[in-house]
Amino acid sequence: MFTVEQITAAHGKVKSGADFPAYIKEIKLLGVIYYETFVTDGHTNYYGANDYKTTSDAKYMPLIIAGIVNPELFKADLKEHQQGKTDYRTFINRCAAAGIEKWAVCMDKMTCTYSDKAGKEILIEEIPQ
Numbered sequence: 077m078f079t080v081e082q083i084t085a086a087h088g089k090v091k092s093g094a095d096f097p098a099y100i101k102e103i104k105l106l107g108v109i110y111y112e113t114f115v116t117d118g119h120t121n122y123y124g125a126n127d128y129k130t131t132s133d134a135k136y137m138p139l140i141i142a143g144i145v146n147p148e149l150f151k152a153d154l155k156e157h158q159q160g161k162t163d164y165r166t167f168i169n170r171c172a173a174a175g176i177e178k179w180a181v182c183m184d185k186m187t188c189t190y191s192d193k194a195g196k197e198i199l200i201e202e203i204p205q
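Going by the numbering used here, the residue at position 62 of the sequence shown is 138; the numbering climbs one at a time, nothing skipped.
One thing to keep in mind: the hints can contain errors.
Unchecked claim - In silico SDA-like links for lysine to any residue, alpha-carbon gap of 20 Å or less:
no.: 1; residue 1: Lys104; residue 2: Val90
no.: 2; residue 1: Lys129; residue 2: Thr84
no.: 3; residue 1: Lys151; residue 2: Leu199
no.: 4; residue 1: Lys178; residue 2: His119
no.: 5; residue 1: Lys193; residue 2: Ile144
no.: 6; residue 1: Lys129; residue 2: Gln82
no.: 7; residue 1: Lys104; residue 2: His119
no.: 8; residue 1: Lys151; residue 2: Ala172
no.: 9; residue 1: Lys178; residue 2: Val145
no.: 10; residue 1: Lys193; residue 2: Asn121
no.: 11; residue 1: Lys91; residue 2: Gln205
no.: 12; residue 1: Lys104; residue 2: Cys188
no.: 13; residue 1: Lys101; residue 2: Ile200
no.: 14; residue 1: Lys196; residue 2: Ala142
no.: 15; residue 1: Lys104; residue 2: Gly88
no.: 16; residue 1: Lys104; residue 2: Met77
no.: 17; residue 1: Lys178; residue 2: Gly195
no.: 18; residue 1: Lys91; residue 2: Lys101
no.: 19; residue 1: Lys104; residue 2: Met186
no.: 20; residue 1: Lys185; residue 2: Asn126
no.: 21; residue 1: Lys89; residue 2: Ser132
no.: 22; residue 1: Lys178; residue 2: Ile144
no.: 23; residue 1: Lys155; residue 2: Met186
no.: 24; residue 1: Lys193; residue 2: Arg170
no.: 25; residue 1: Lys129; residue 2: His87
Treat the hints as calculated values from the structure; they're not laboratory data.
Required output: the full structure, derived from the provided sequences and hints.
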């Protein structure tokens, strides 16, 4: 099974949102079938076959997630990030300000779903292959 260290090495190649599809392909090859990243502190739960799960440590001090979601602001910030105009930390801060609690990536569907604190899906994107 995969380890957090292997995933961290793959993530180390990501410099902006433009690098995200290549990262997804790489960790999918490692055996990751689903993962969810929490904006509040950056920890991620990774899931594999046979109920395998591993969790990364928090990456930064906890952020406060806005209680009111601003979908339009989030979509604009996401677009900038995907174009390589912002770094990861800037994107995370903007997610928190826009009310995004987490995103979940499903490798089978090749989707990334962004959700608020109530678990409401704010945006579902297809990951380019």
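Checked hints:
With a C-alpha separation of about 15 Å, the suggested pair Lys104 and Val90 falls inside the 20 Å cut-off, and the hint holds. Proximity of Lys129 to Thr84 is assessed by CA-CA distance (about 15 Å); at most 20 Å being required, the pair is judged to hold. Distance hint between Lys151 and Leu199 is fulfilled; the C-alpha atoms sit about 8 Å from each other, no more than 20 Å. For the suggested pair Lys178 and His119, the alpha carbons sit about 10 Å apart, so the restraint of at most 20 Å is met.
A hinted pair counts as satisfied when its Cα atoms are at most 20 Å apart, and Lys193 with Ile144 qualifies at roughly 9 Å. With a C-alpha separation of about 14 Å, the suggested pair Lys129 and Gln82 falls inside the 20 Å cut-off, and the hint holds. For the hint pairing Lys104 with His119, the CA-to-CA distance comes to about 19 Å; that is within 20 Å, so the pair holds. Of the pairs offered as hints, the one joining Lys151 and Ala172 holds, with about 13 Å between alpha carbons and a cut-off of 20 Å not exceeded.
In summary, the hint linking Lys178 to Val145 is supported, as the alpha carbons are separated by about 12 Å, within the 20 Å threshold. For a cut-off of 20 Å, the pair hint linking Lys193 to Asn121 stands: about 17 Å separates their Cα positions. Proximity of Lys91 to Gln205 is assessed by CA-CA distance (about 18 Å); at most 20 Å being required, the pair is judged to hold. Using a Cα cut-off of 20 Å, the hinted pair Lys104 and Cys188 holds, with the two alpha carbons roughly 14 Å apart.
Using a Cα cut-off of 20 Å, the hinted pair Lys101 and Ile200 holds, with the two alpha carbons roughly 18 Å apart. A threshold of 20 Å between alpha carbons decides the hint, and for Lys196 with Ala142 the separation of about 14 Å falls inside it, so the pair holds. Only pairs whose Cα atoms come within 20 Å are accepted, and Lys104 paired with Gly88 is accepted, the gap being roughly 16 Å. For the proposed pair Lys104 and Met77, the alpha carbon gap of about 12 Å is at most 20 Å, so the pair holds.
With a C-alpha separation of about 9 Å, the suggested pair Lys178 and Gly195 falls inside the 20 Å cut-off, and the hint holds. With a C-alpha separation of about 16 Å, the suggested pair Lys91 and Lys101 falls inside the 20 Å cut-off, and the hint holds. Straight-line distance between C-alpha atoms of Lys104 and Met186 comes to about 10 Å, which keeps the hinted pair within the 20 Å bound. A distance of roughly 19 Å separates the Cα atoms of Lys185 and Asn126; the hinted pair therefore holds under the 20 Å criterion.
About 17 Å separates the Cα atoms of Lys89 and Ser132, which keeps this hinted pair within 20 Å; it holds. Restraint check for Lys178 and Ile144: satisfied, since their Cα atoms lie roughly 14 Å apart, inside the 20 Å limit. For the given pair, Lys155 sits about 18 Å from Met186 by alpha-carbon distance, which is consistent with the 20 Å threshold. A distance of roughly 15 Å separates the Cα atoms of Lys193 and Arg170; the hinted pair therefore holds under the 20 Å criterion.
At roughly 18 Å between alpha-carbon atoms, Lys129 and His87 fall within 20 Å of each other, so this suggested pair holds.
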